[in-house]
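Residue numbers (this note's numbering), protein chains in the order written: chain Y, 293 to 561; chain C, 293 to 561.
Note that these hints are calculated values from the structure, not bench results. Heads up, some of the hints might be wrong.
Same chains, same label: a pair holds when it works inside one copy or across any pair of copies.
[Said to hold, decoys possible] BS3-like cross-link-like pairs, simulated, lysine-lysine; straight-line CA separation at most 30 Å:
1) 536 <-> 431
2) 354 <-> 474
3) 299 <-> 506
4) 372 <-> 506
5) 459 <-> 474
6) 504 <-> 459
7) 299 <-> 418
8) 474 <-> 327
9) 327 <-> 476
10) 418 <-> 327
Fair warning: this is a prediction, and the values are worked out from it, not measured in the lab.
Chain by chain, the residues run as shown.
2 protein chains.
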Amino acid sequence: MILINGKPEQTLSCLDRGLQYGDGLFETIALRNGKLQNWSLHWQRLTIGCERLYLPFPEEEKILDDIGQVTSGVESAVVKILYTRGVGGRGYAFSEVTPTRIIMQFPLPKYPDTNSNEGVNLYLCKTRLAHQPLLAGLKHLNRLENVLARNEWDDTKYAEGLLCCTKGSVIEGTMSNIFMVKNKMLYTPELSQCGVRGVTRTRIIQLAEENKMKVVEDNLSLDDLWQADEIFICNSIIRIWPVKNIADFNFSTSPNLNPVTRQLQHLIN
Amino acid sequence: MILINGKPEQTLSCLDRGLQYGDGLFETIALRNGKLQNWSLHWQRLTIGCERLYLPFPEEEKILDDIGQVTSGVESAVVKILYTRGVGGRGYAFSEVTPTRIIMQFPLPKYPDTNSNEGVNLYLCKTRLAHQPLLAGLKHLNRLENVLARNEWDDTKYAEGLLCCTKGSVIEGTMSNIFMVKNKMLYTPELSQCGVRGVTRTRIIQLAEENKMKVVEDNLSLDDLWQADEIFICNSIIRIWPVKNIADFNFSTSPNLNPVTRQLQHLIN
C-alpha cells in the first residue's frame with residue numbers, strides 16, 4: 293500500500309524533482325510487533341536532511357497518520373518514506389515548490405538466522421565513495437554509488453559489500469553501517485565526507501554509552517579492520533550482523549566469541 | 293506532451309528506480325526549425341552512460357519515434373529524455389529490470405538577446421563538485437550538487453553559477469560547460485573526476501578542430517580564468533554565451549572583442 297500526500301496512489305508526476313534530479317530524502321523504518329522502531333531518530337535524520345537541502349519540514353503528524361494507515365493491522369513491515377521537493381522550479385532552481393511525501397509499506401524481508409548468529413561475509417567493493425560534505429550523512433535520493441557498488445557481486449555467499457572512500461578509508465556497507473571492537477572499545481567510521489548516518493548506528497552509539505562502553509567515531513582503515521577483535525554491520529532492517537569474513541580475510545565468530553557484538557544484539561532487540 | 297514507454301502518460305510508478313535512487317540518465321535536446329540538434333552526440337552520450345551504469349541500451353528508433361510524436365507540428369522545443377532502470381530489483385541490486393523511457397517536450401526558453409551579444413555574469417558557487425570518476429561526464433539523475441549550487445543565488449543579474457571541484461579546479465556551470473581562450477587557443481576543464489560532458493562542449497571542440505583551432509582539455513584554475521582573453525559558457529539550449537564577469541571580476545566583452553567566441557557562435561548557429 294502506498295500513500296502519496298495522504299492519498300492512495302501508485303504513481304507520481306514524472307516532473308517531480310525526486311525523479312528529475314534525485315531531489316529529496318528517504319527513510320527506511322522497521323515495524324515490529326505493530327510498533328514503529330526508533331521513530332524519533334528517523335524523524336531527526338529526516339529533518340536534518342531537510343535543513344541541509346533547504347526543504348520545508350514535513351508535518352510529523354501527517355507522516356505518522358499516513359504510516360498508521362499503510363500499516364493498519366500489520367504486525368511487521370518495512371515502512372519507506374520518500375520526501376521530495378515536488379514538482380516545479382526552473383531547472384535546478386527550486387523557489388516555491390510543494391514537497392511530495394510518499395509513504396510505502398513492504399513486507400519485512402526474511403534473512404537466514406545464521407546471519408545474526410554465525411555472521412556474514414562481506415564483499416570488498418571496488419566502487420569508492422566520493423567526498424561531498426554537503427551531502428554526507430544524509431539519506432538522500434542520489435544513490436548511484438550504492439547501486440554501482442551493490443552490483444559488483446552477485447555471489448550469494450556475500451550478504452553485504454564494504455565501501456571505502458576515494459581516499460581509502462572504510463566508510464560503510466552498501467546498505468548498512470559498520471563497527472569494529474578493539475580492546476573492548478567500539479569504533480565506527482566518522483561520516484563528515486561521505487556515507488549515511490544510519491539510525492541503527494546512532495542507536496548503537498547511544499546503547500553503548502548507556503552501558504559504559506567507549507565509542508570512537510574516527511577515520512578507519514582496512515588495516516584497522518584486519519586487527520579488530522570483532523566487526524559487525526547494522527541497519528534498521530537487519531539490526532546487527534556479526535562479520536566473519538571480509539574479502540577472504542577471516543574473523544572467527546561464534547556465540548562464545550564476539551562478546552560485545554552479542555551484548556549489543558541483546559540490547560537492541 | 294509526455295510519452296512513457298511510448299504511451300501518453302503524465303505519471304510513473306513511485307517504485308521506479310529513477311525516483312528511488314536516481315538510477316538513470318537524461319538528455320536535454322534542442323529542436324530548432326523543426327530539426328533535432330546534435331542527435332548523434334546526444335545518442336552517443338546516452339549510450340556511454342548506459343554502458344557505465346550497466347543499463348541495457350534503449351532502441352534508438354523507438355526514442356526517435358517518441359520524439360517525433362511529442363514534437364509533431366512543433367518548430368522549436370526542448371526535448372528531454374529520461375531513461376531509468378525501471379521498477380524492480382531488491383534494494384540497490386538490479387538484476388532483470390525493464391528500463392523506463394520518458395520523452396518530454398517543453399517550450400524552448402527565451403533568454404534576453406544581450407546574453408548572447410553582450411555576455412553574462414557568473415556567480416561563483418561555494419558548492420564544490422565531488423570527485424567520482426565512475427559517474428564523471430555522465431548526465432545521470434543524481435543532481436543534488438547542481439540543485440544546491442543553483443540555489444546559492446537568486447539575484448537575476450547572474451545568468452549562471454560557476455562550479456569548482458573539491459580540490460579547487462574549475463569544472464563547469466550549474467547547467468553549462470565553460471571554455472576560455474588564451475593566445476588564440478581554446479581551453480576547457482577535463483572532466484575525468486566530475487562534471488557533465490556536454491554535447492555542445494563536444495560540438496565546440498569538433499568545430500574548433502575543423503577550423504584549425506587548438507583545443508586543450510586540462511585542469512583549469514580560477515587564476516587561469518582571470519588571465520583568459522575570452523571566456524564563454526555553452527549548452528544545447530543557450531548555445532554560447534560570452535562571460536563578461538565572474539564574481540565581480542570583469543572581462544571586457546563587445547562584438548569587436550572576443551573574436552574566437554564570436555566565430556564559434558557563428559559556426560554553431
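Item to check | Identical-chain pair category, residue 459 with residue 474, by Cα at 30 Å | outcome: Close inside one copy (23 Å), not across copies (34 Å); limit 30 Å.
Item to check | Within, between, both or neither, where residue 474 and residue 327 count as close if Cα-Cα is 30 Å or less | outcome: Neither, since 34 Å and 65 Å both go past 30 Å.
Next on the checklist: As a check of your reading, is residue 536 near residue 431 (CA-CA no more than 30 Å) within one copy, between copies, both or neither?
Outcome noted: Intra 27 Å, inter 39 Å, cutoff 30 Å: intra-copy only.
Checklist entry - Given a CA cutoff of 30 Å, do residue 372 and residue 506 count as a within-copy pair, a between-copy pair, both, or neither? => result Answer is neither; intra-copy 32 Å and inter-copy 53 Å both fail.
Checklist entry - Under a CA distance limit of 30 Å, which applies to residue 418 and residue 327: within one copy, between copies, both, or neither? => result Result: close neither inside a copy nor across copies, 38 Å intra and 43 Å inter.
Next on the checklist: If the cut is 30 Å between Cα atoms, do residue 504 and residue 459 qualify within a copy, between copies, both or neither?
Outcome noted: neither (33 Å within a copy, 40 Å between copies)
Checklist entry - Using 30 Å as the alpha-carbon threshold, which applies to residue 327 and residue 476: within, between, both, or neither? => result neither (32 Å within a copy, 69 Å between copies)
Next on the checklist: At most 30 Å between alpha carbons: which applies to residue 299 and residue 506, within, between, both or neither?
Outcome noted: neither (46 Å within a copy, 58 Å between copies)
Next on the checklist: Please sort residue 354 with residue 474 into within, between, both or neither, judging by C-alpha distance up to 30 Å.
Outcome noted: For residue 354 and residue 474, neither the intra-copy (44 Å) nor the inter-copy (58 Å) Cα distance is at most 30 Å.
Checklist entry - Should residue 299 paired with residue 418 be assigned to within, between, both, or neither, using CA atoms and 30 Å as the limit? => result Answer is neither; intra-copy 42 Å and inter-copy 39 Å both fail.
Comparing the model with each numbered hint stated earlier shows that hints 2, 3, 4, 6, 7, 8, 9 and 10 do not hold.
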